[in-house]
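Protein chains: 2
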Amino acid sequence: MQYFPAPVENLIDHFARLPGIGRKTAQRLAFHILSLPDDEAAAFASALLQAKSEIKFCKCCQNLTTEEICPICASNTRDSSVICVVSDPKDVAAIERTAEFKGKYHVLHGVISPMSHVSPDDIRIKELLARVNSGEVKEVIMATNPDTEGEATAMYISRLLRPFGVRVTRLAYGIPIGSHLEFTDEITLSRALEGRRDI
Amino acid sequence: MQYFPAPVENLIDHFARLPGIGRKTAQRLAFHILSLPDDEAAAFASALLQAKSEIKFCKCCQNLTTEEICPICASNTRDSSVICVVSDPKDVAAIERTAEFKGKYHVLHGVISPMSHVSPDDIRIKELLARVNSGEVKEVIMATNPDTEGEATAMYISRLLRPFGVRVTRLAYGIPIGSHLEFTDEITLSRALEGRRDI
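Top line first, the protein sequences correspond to chains Y and W. Reading the first sequence from the start, the letters are residues 1 to 199 in my numbering. Reading the second sequence from the start, the letters are residues 1 to 199 in my numbering.
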């Protein structure tokens with residue numbers, strides 16, 4: 001049974017469909033929208049529509065952009081010979097925040113995952129091979145997440161890249177800065193030992 | 001610095017302004033919207049606008065409705081002589097779910113709260129007095145929340161209602177069904193003792 005007028009129930013339904021938002025939270029959000037000034041609610045609605053209509057994938061790196069080619073791919077100051085492969089646009093943002101990486105990116109938009117029916121053809125691997133095939137690339141850094149699927153995807157792609165003769169690297173595994181050895185899990189610690197470096 | 005295209009940052013900003021939604025969650029929600037089919041995103045946007053434009057306050061009980069008078073106030077089967085006063089439309093839904101109450105409601109849209117600068121004039125008390133003044137009402141049930149502000153509001157309104165000679169009641173305090181005495185706080189337990197009834 002509906003206890004709220006139809007437009008309110010409808011808005012609650014839409015909020016409740018968002019990931020991690022339950023019925024009660026959706027109710028709270030819908031009532032917050034009702035309490036907003038009209039222009040703010042309208043701005044929210046148009047932000048939704050605009051994001052959907054204006055955002056496309058960069059023809060080169062597949063990252064989200066409003067242009068044909070994203071600002072990073074279009075930049076002259078970035079090194080085109082190094083490509084950092086990530087699974088998600090949010091990972092590009094995470095690496096950009098370090099301000100350490102001066103190369104370009106390639107966004108796969110997912111990882112290979114037989115459990116979720118994501119095959120290699122479902123993510124942007126072809127586009128990466130085409131970029132490497134163009135000849136300019138010297139190094140590909142695999143920066144997928146260090147979990148089972150991220151690892152498998154990195155291995156799969158590195159095997160595909162072998163014939164091109166480019167250097168393929170992986171982000172270093174080890175103990176995160178600021179953590180305690182005592183609380184570091186065994187796998188991370190053994191990887192940190194394996195990857196030890198001279199001081 | 002912006003790491004996502006402007007329309008995405010804008011959408012993240014709007015989500016982050018919702019209550020209880022932090023920056024990271026807002027990011028996750030915005031990316032979920034980007035992954036939706038176009039028509040679903042459009043439906044979400046129009047649900048937002050529709051809820052804002054079609055919802056108004058019932059002229060009688062101040063509850064949310066799409067009509068001039070809400071279905072409960074317009075109903076012939078509900079008892080107009082009993083008014084249940086609640087602070088929020090969600091409380092109407094909570095009481096309706098019990099299917100026990102056959103009277104009508106009055107929604108205050110807030111409680112008196114000097115700390116948050118909400119004075120008696122900011123909530124719908126005048127409208128309640130006008131309804132009681134019309135003569136049909138025999139009982140007013142104060143169903144504000146059993147916290148400091150809800151109690152104070154109930155006391156304040158019951159004092160205003162005294163000259164009208166109507167019966168003013170308050171929801172019973174006591175131990176909630178299914179709870180354990182062991183874990184019930186002292187105040188609730190002492191209220192439950194005070195309010196004990198013959199079996």
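If you are wondering where the hints come from, they were derived from the structure by calculation, not from laboratory data. Where hints are given, some of them may not hold.
It does not matter which identical chain is used: a pair holds within one copy or between any two.
Unchecked claim - Below, a list of computed lysine-lysine pairs in the BS3-like style, where the Cα atoms sit at most 25 Å apart:
#, residue 1, residue 2
1, Lys24, Lys126
2, Lys138, Lys24
3, Lys56, Lys24
4, Lys24, Lys59
5, Lys90, Lys24
6, Lys126, Lys102
7, Lys56, Lys138
8, Lys56, Lys90
9, Lys102, Lys56
Are there hints from earlier that the structure breaks, and if so, what are their numbers?
1, 2, 4, 7
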